[in-house]
Amino acid sequence: MNDLAKRVGRELRIEFALLTRRTLLNVVAGSNLVPRPLRWLIYRACGMAVHTPNVFPGLEIAGQPRNLTVGTGTFVNTGCFFELVGEVSIGRDCQLGMQTMVVTSHHESTAAGISRRPVGLPVRVGDRVWAGARVTILPGVTIADDVVLAAGAVVTADCVEPGVYAGVPARLVRSSVQAGVR
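Residue numbers for the sequence shown follow the UniProt record's numbering, so the first one is 1 and each next one is one higher.
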């Protein structure tokens with residue numbers, strides 16, 4: 001019985017730590033009542049390498065805050081979701097539209113079934129990337145510099161050349177967007 005009490009105690013400590021972190025990041029920092037500079041300081045204090053104060057209310061963080069890097073000049077609109085089981089690196093001068101979702105994990109499937117343990121894969125977003133509203137970026141994806149992701153696009157594979165990507169799954173529909181011109 002003593003081992004059971006130790007396991008339960010350990011699990012409770014973990015759950016309370018996660019609850020505290022989620023509350024600070026998603027409820028307090030994500031609130032409309034918190035000014036952007038204070039939100040930025042809270043994110044930095046929680047270990048997130050966010051190099052811009054341009055993060056609007058409603059950002060939801062799941063996973064490890066230290067797995068997030070956001071470059072200078074980047075704008076994160078309201079209602080975005082970053083799942084940080086794997087690393088997420090967002091470059092400089094990017095624009096992430098409302099409710100952009102970045103997912104970094106999947107569950108492996110074997111003959112024995114589907115694993116409950118998530119496997120994290122990194123997501124890399126280059127500089128000057130513009131993601132429209134409700135874009136979904138899936139695990140393991142790399143997005144080159146000067147890419148535009150149309151609203152609602154689901155990015156399942158690397159976007160290797162500058163241009164406009166649209167659809168489900170996202171495909172290149174127009175090449176060579178001029179750098180820095182939006």
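The set of hints was computed from the structure by calculation and includes no laboratory data. Ideal placement from N, C-alpha and C gives every residue a C-beta, glycine not left out. Treat the hints with caution; some may be incorrect.
[Claimed, not checked] Distance windows between CB atoms, simulated:
# : residue 1 : residue 2 : range
1 : 168       : 23        : 32 to 40 Å
2 : 41        : 163       : 35 to 43 Å
3 : 26        : 75        : 15 to 23 Å
4 : 167       : 12        : 41 to 49 Å
5 : 81        : 19        : 15 to 23 Å
6 : 116       : 23        : 41 to 49 Å
7 : 133       : 34        : 19 to 27 Å
8 : 35        : 89        : 24 to 32 Å
9 : 115       : 174       : 36 to 44 Å
Cβ distance range 15 to 23 Å for residue 26 and residue 75, holds or violated
About 19 Å separates the Cβ atoms of residue 26 and residue 75, which means 15 to 23 Å holds.
Can you let me know if the beta-carbon spacing of residue 41 and residue 163 is within 35 to 43 Å?
Since the Cβ atoms of residue 41 and residue 163 sit about 37 Å apart, the hinted range of 35 to 43 Å holds.
Can you tell me whether the CB distance of residue 116 to residue 23 sits inside 41 to 49 Å?
violated (25 Å)
15 to 23 Å was suggested as the range; check whether the CB atoms of residue 81 and residue 19 agree with it.
At roughly 18 Å between Cβ atoms, residue 19 and residue 81 fall inside 15 to 23 Å, so the hint holds.
Look at the Cβ atoms of residue 167 and residue 12 and judge whether their distance stays inside 41 to 49 Å.
holds (46 Å)
Supplied distance hint 19 to 27 Å, evaluated on CB atoms of residue 133 and residue 34:
Because 23 Å falls inside the window, the suggested range holds.
Given the hint of 24 to 32 Å, check if residue 35 and residue 89 actually sit that far apart at their C-beta atoms.
Holds, at about 26 Å.
Should the hint that residue 168 and residue 23 are 32 to 40 Å apart at their CB atoms be regarded as holding?
holds (34 Å)
If I claimed the Cβ atoms of residue 115 and residue 174 lie 36 to 44 Å apart, would that claim hold in this structure?
holds (39 Å)
This entry does not satisfy hint 6, going by the numbered hints stated previously; all others are met.
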